[in-house]
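K.L.:
Generate the whole structure from the sequences, applying the supplied hints.
Going letter by letter, the sequence shown gives residues 915 to 1480 in my numbering.
Hints in this document: simulated from the structure, not taken from any laboratory. Ideal placement from N, C-alpha and C gives every residue a C-beta, glycine not left out. Please note: incorrect hints may appear among the correct ones.
Stated by the list, open to error - Okay, derived cross-link-like pairs now, DSS-like style, lysine-lysine, Cα gap no bigger than 27 angstroms in a straight line: (1) Lys1045 x Lys1111; (2) Lys1008 x Lys1111; (3) Lys1158 x Lys1111; (4) Lys1421 x Lys1441; (5) Lys1429 x Lys1441.
Claimed, not checked - Pairwise CB distance ranges, derived in the manner of DEER restraints: (6) Asp1042 x Gly1338: 55 to 65 angstroms; (7) Pro1263 x Leu1466: 32 to 42 angstroms; (8) Gly1251 x Glu1417: 30 to 40 angstroms; (9) Asp1042 x Glu1166: 20 to 30 angstroms; (10) Gly1109 x Gly1333: 32 to 42 angstroms; (11) Ala1204 x Pro1121: 25 to 35 angstroms; (12) Leu1177 x Ala1143: 27 to 37 angstroms; (13) Ala1454 x Leu1274: 42 to 52 angstroms.
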Amino acid sequence: MTAACRRQSGSNRGLHTMIMRTMLALLLIASIVTPRVAGSCTNILVTPGASADGSTLITYSADSHTFYGELVLIPAGVFGPEATREIIEWDTGKSLGRIPQAPRTYRVVGNINEKQVAIGETTFGGRDSLKGPAGILDYGSLMFIALERAATAREAIRVITGLVAEHGYASTGESISISDSREAWILEIIGKGAGAKGAVWVARRVPDGYISAHANHPRIRQFPLNDPANCLYASDVISFAREKGWFSGRDEEFSFCDTYAPLTASKLRSCEARVWSVFRRAAPSLGLTADYVDGSTLQKRMPLWIKPDRKLSVQDAAALMRDHYQGTAFDMTRDLGAGPFASPYRWRPMAWEVDSVKYLHERAISTQQTGFSFVAQSRASLPDPIGGVLWFGVDDTYTTVYVPFYCGITRAPKSWAAGTADFGSFSRESAFWVFNFVANWAYTRYSDMIVDIQGVQRELEGGFLADQPGIDQAALKLHEQAPQLARDYLTDYCERQGEMVTERWRKLGDFLIWKYLDGNVRDSQGKVTHPKYRESWYRAIVRDAGDRVKVLTPDASPKPAAATDR
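P.N.:
This is the structure in structure tokens:
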């Protein structure tokens, strides 16, 4: 279809219509069949100077309890002057309207396009009075339209902010990560309230050699007012706040996040704590203590970006996304809620009360309700179809496998592709459901089963990483002959690997059912064993049940005979 798109003339209206319907159908699969509920995501941004191989990396976990994870491919296209694009709201599947289509669009593979531009987001909501703006462009549509139209991260920012100014914004506050093979940017944007068109926003370039992160709360505070190479912002981002009475200081004192989404103790604990965990792991030398985010004070604020103690690889970025606050004051495996098998998961709701006292469960980066996640890798040293790789996984970051999908591919493996299945029913043909089956079975005996899962995870991901240089070189040689040969080669490779991973995970699920049937644990020889609970769990049972579970010792001494017995 792509070749046909490029050959079409202005008079070929039928082909225009066919292409538009195809593209919209693909988007509808991702948004209408499985609407995404915003509000609980995590992003990490790694600049080329902070990465081990000079690539730009961004990560994203799309976290929602009702979101079906799949790899959506949108073909490139060429369109006539009358073509329009329908806007389908990502969270609800509703049609919000139409906008003029661009004359040319790029191929999109998940959240990366053929020019190695990648995008992720986290929703922060913001002031209640700024909800419900008058516009037709929601954050999800803006992300994918930017991928369709932008050849660089800066261009993606211009696309998003330009469209919002023209057609209006339809979401609440968003922090958006945008990268290409040379730069990484954070764009933070929020609407102007009910009935108001447009949005206020600011975008900052992460300095080379540094990393950043955001997790459902805006992080840009003060920003340079005259440095367009590193900072872009709406002309009224400060004056709008003055009109609302939210800011009265000097322009250089203005803080975007403190004005449009004031920080609270709960936001520190549930959102900024995830950023803190990324930073404390990437740069232990900074000594960032838990009181930055435990809610005890709002005065200590983390920097927007940090320099990592060492340069980070794709594997390191994936590891940072696999975080349960291990070894910190927030470690969920240490309290009674972890159960007998040290589970780091807690079912919702996160907040609860006992005897009118409020409590909470931690919200870690790794969470059970993830639809999909990725590490997007963009490399300036290689041609675009080879340099851009979406390391893509479905379900929880901790138990997924990141499979390499090059941005030059033209189709997805069936088990990962849009339309193979949905959230409405279980299917063993779907990678999403296969991974969920394994993870949900593992929750029953987590501390044991996670060892088996991570063994296969390391085997598969380690193989992909070890093979990547050879795959790159083979594709590069083909690209020198003809770019399409490289795209075909990479498409075949990614398709095989994706299906191999799904089948390997099916077999892992079968193995775990066999090994851990009915609370038993088979040893390496297949013999059924009965390992004890951990000591702390037995003590917890005793504290709760007391004498009810205590083995009583009968009195063995003879009793005096009763009078009637004589």
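K.L.:
Against each hint, give a clear statement of whether it holds in the structure.
P.N.:
These are the hints, each one checked on the structure:
In summary, the hint linking lysine 1045 to lysine 1111 is supported, as the alpha carbons are separated by about 12 angstroms, within the 27 angstroms threshold. Between the alpha carbons of lysine 1008 and lysine 1111 the distance comes to roughly 19 angstroms, so the proposed pair stays at or under 27 angstroms and holds. Taken as a hint, the lysine 1158 and lysine 1111 pair is honoured in the structure, with Cα atoms around 15 angstroms apart against an allowance of 27 angstroms. Under the criterion of a C-alpha separation no larger than 27 angstroms, the hint pairing lysine 1421 with lysine 1441 is consistent with the structure, at around 20 angstroms.
Among the hinted pairs, lysine 1429 with lysine 1441 is consistent with the structure: their alpha-carbon atoms are about 9 angstroms apart, no more than 27 angstroms. As the Cβ distance of aspartate 1042 to glycine 1338 is approximately 33 angstroms, the hint placing it in 55 to 65 angstroms is violated. Checked against the given bound of 32 to 42 angstroms, the beta carbons of proline 1263 and leucine 1466, roughly 41 angstroms apart, stay inside it. At about 35 angstroms, the beta-carbon gap between glycine 1251 and glutamate 1417 stays in the expected band of 30 to 40 angstroms.
One distance hint, 20 to 30 angstroms for the beta-carbon pair aspartate 1042 and glutamate 1166, holds here, with the actual separation near 28 angstroms. About 38 angstroms separates the C-beta atoms of glycine 1109 and glycine 1333, a value consistent with the hinted range of 32 to 42 angstroms. Under the hint 25 to 35 angstroms, the C-beta atoms of alanine 1204 and proline 1121, about 26 angstroms apart, fit the expected range. Checking the proposed 27 to 37 angstroms range against leucine 1177 and alanine 1143 shows it holds: the Cβ atoms sit about 29 angstroms from each other.
Separation of alanine 1454 from leucine 1274 is about 20 angstroms and departs from the stated range, judged on CB atoms against 42 to 52 angstroms.
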